[in-house]
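These are the residues of each chain, in order.
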Amino acid sequence: MAEKPRIKIFVIVITTLALIALIVLTLVPNSPLMHLTSPLGRVFNPIVRLGQEVTHAVSGWLSTLTESDRIRNENEALRAENARLQNELAQSEDAAKQFEELKDALGLISLFPDMEVRGGYIMNRAIGEWYDVFRINLGQKDGLIIDAERSYAVVDANSNLVGRVLASDLDSAKVLPIVHEGFVAGARMQGSHGVALRIRGDISLKDDNLVYADRIPLDAGISVGDRIVTSGAGGVFPEGLPIGTITEIRLADDSRSLEATVVPATSFDRLTAVFVLVGE
Amino acid sequence: MSGRRVTIVTIIYLVLASLLQSLLSHLIHTPYRIPDLLLMLPVLGGIWFGRHYGFRVGLAAGFFRDFLAGRLLGPGMLIGMYIGLAASLLNHADRRFRFLFSAVAVPAATVFHTAVMTVLTVLWPMSQSIPHDPQVIWSRALSQLPMRLLVNAAAGAFVLALFFLLPLKKRKKQSDLSYGKAGGVEHDVFDLT
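These protein sequence lines are chains A and B, in that order.
Residue numbers 1 to 280, in my numbering, belong to the letters of the first sequence in order.
Residue numbers 1 to 193, in my numbering, belong to the letters of the second sequence in order.
Derived by calculation from the structure, the hints in this document are not laboratory data.
Errors might be hidden in some of the hints.
[What the hints assert, rightly or not] What follows is a set of in silico ranges between Cβ atoms, one per label pair, in the way DEER data are often shown: (1) B/Ile11 x A/Asp207: 49 to 57 Å; (2) B/Arg4 x A/Ala77: 30 to 38 Å; (3) B/Ala153 x A/Ser223: 46 to 54 Å; (4) B/Leu100 x A/Ile145: 48 to 56 Å; (5) B/Leu166 x A/Leu27: 54 to 62 Å; (6) A/Ser204 x B/Val15: 31 to 39 Å; (7) B/Leu166 x A/Glu74: 57 to 65 Å; (8) B/Thr30 x A/His56: 16 to 24 Å.
Cβ coordinates follow ideal geometry from the N, Cα and C atoms, glycine included.
Pulled out of the complex, with its shape left as it was, chain B reads as follows (with noise of 0.2 Å):
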């Protein structure tokens, strides 16, 4: 597999996923409404494309979500990298547990990263001289909560069309492939590992 294709598929992967959100972001003026592509390219390519992917992949959404909103730099890191590091444990052989798998991290992810920057928001406050009921931001948060799980299984749905339309690897011919209960997943455009 070539280094270079991975890498710039990769960079096409988050060029894509940062122009989609930033263009959604003057259509939905809500944020938690927007669909959340940089979060779901580490969880989705943590789980298809295994650890050292998630890690950098989550390393680079997250650099590109603190360039295009974060008031500072490397939270959207951070939580990046953690994210594809953890979807990376559920990286699996076979592609239909992988496929499950998303089903289950997507939502999952979602509740973290909301959980995450809700407790960081009550820790963390912008402005220590506003006071801000911890109350009022989890209950907020929550109400958000089943939008953003809808609009998140969207971004997660389209990032696996991504993976699937512009692969990174190229594809074999049909007869190299052997994906299924006999293995051969030396052959599947999605193992990284």
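So that you can see chain A by itself, here it is in the shape it has in the complex (with noise of 0.2 Å):
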């Protein structure tokens, strides 16, 4: 049998070169190099996105014949009308469609009238433990150019924070959520007379979903069950943005400051739409 060469020290050694100097210039923002996964995207999102039909008809099969088992007894006809109506409009619904109308029933765009509201789905939640993030449907096409000084806020259907845009390329864009230790936000107390803090994720708490808030002031006036939204301060998101509740209250290390474990509003167990603000 003929023995390929062996693979050469400096191919190894060139490629791990080449490997650095990609991850260092995909560090800058809007880096022409994020385009690099566009023409796989435009082979693959496809792919992952008739997955997904595939596995929700597969669920909405397999509940639907659950569901008859129980309503035999009952009202058989009645109730299987109703799953295979509900199983039919979980498959034919076209997604763009759906976006449009959640997007008016929701009042996003009055809520927000200077930005332009995108809809899209989540294609991939986070894969790995550290470095991850959420991948969406939307991308440079539909007008996500991160720079230095621009992102983006993804909020749900009910305009509660989810995170914002980190990177995109053409056909999808990666989104750092809330609960991610990498993202920081401003914030504020809701009301009018909203104290100033921040929020970030905390390595601690995103396994249960929760955010971290600091640098609240001693003479704050928090309790329990108050609510946080953003406070505008940085420009990538909007005032107002309903960010989560405040469960737990403590002296922060320095005993000058509060801090405060926060749910957030999202429910990211359920989250599948997302929404892009797009300013002007």
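Once you've looked at the hints, go ahead and assemble the two chains, each given alone in its own frame, into the complex.
Structural data, given as structure tokens:
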């Protein structure tokens, strides 16, 4: 059997250097190198979407079967018809139409008259522990151009803050969720005398889908159950987006401020559709 | 052996692994509980098909990983490439050894990958303005390790099953096969060296 030549050390070294250069260059916001994934996205995104629809259809079909067993004793015809219609509805809804209807119904456009609201869905969530983020089906073709000073808020259908757009290629974008340890945003307590504070993800809280609030003045007068919204500082997030509710308050390590644990207003477990707020 | 078949089958491996991992991320919302098929592909590819395959599939699987969820392009490729190369050191002519080495390499690669990602997180946090206690990061990584080992064992079994169900090389007739102690690895559908 003929033995192929060994991979030369210099090939490994050159590849390593090229990859390190790639990492460094993709650190630059709006790096053209992020477009390297665009051709793959063109092919792979429809496959993922098809996979999601097949999964949805199978689970819908299974739930229809389960439903049928139970209702046979009650009102078989009526309930089976209902389950069938629900299943059909889930399978046949056109995504774009759904998003347009949702947008109108939920008044997102009227809430943010100076912004365009782009509806999309989550292609996949984080698949690894540390550096990974969400991927959505909106990209530069939808106007999501990221640079050093520009990013976009991502909200759910109830305009609760989900995260911000981190990077984009032509057809998809990466979203940093608020529970991620890299997320930081200016926030304030809801109400006319809103106290300013900082909200951020925390390693020890992210498994429980909780976020961390710090830099809260000692005399802020906050209590468990208070709601936190975005402050609008920094320009990425419009003011007033609901972030979450305080569940625990404690004294910070330096004893000069308070910190709190916050339950996000958005439900990450049920999140499938997201909306990106694109400023004028 | 047809190079075209190897390429097509490898693309199928990659797309299947990526698609499954992507779909699983919707069902399992804690990432460390998701079987890491894109990690197992270069590990087992290196062991079963040799260094060239380990090198290439490591790069490709890393590219898919970066495309799917990485905040940067490159780290997944870099780690995948080295894992594929390291795994190929265990490429042995005897299939029984490859099974044995696979059983060792899957947990070893899981531990290595966890350690590398943890070190990167400690040394290179995503946000410089946020303090992260290295002790918290390490204890979190360690506490997640048993579950990661478990799900990656399942991922390894899946990838191996894929290698058998959809081999890179066409299977030869039974009469042509001569696996085992007598050698004859030239006919092994898993041999790409």
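To see whether the hints hold, each was checked on the structure:
1. B/Ile11 x A/Asp207: 49 to 57 Å: 34 Å Cβ-Cβ, so the 49 to 57 Å window is violated.
2. B/Arg4 x A/Ala77: 30 to 38 Å: With a Cβ separation near 55 Å, B/Arg4 and A/Ala77 fall outside 30 to 38 Å, so the hint is violated.
3. B/Ala153 x A/Ser223: 46 to 54 Å: holds, 47 Å
4. B/Leu100 x A/Ile145: 48 to 56 Å: With a Cβ separation near 52 Å, B/Leu100 and A/Ile145 satisfy 48 to 56 Å, so the hint holds.
5. B/Leu166 x A/Leu27: 54 to 62 Å: violated, 38 Å
6. A/Ser204 x B/Val15: 31 to 39 Å: holds, 36 Å
7. B/Leu166 x A/Glu74: 57 to 65 Å: Between B/Leu166 and A/Glu74, where Cβ atoms are some 46 Å apart, the hint is violated.
8. B/Thr30 x A/His56: 16 to 24 Å: holds, 22 Å
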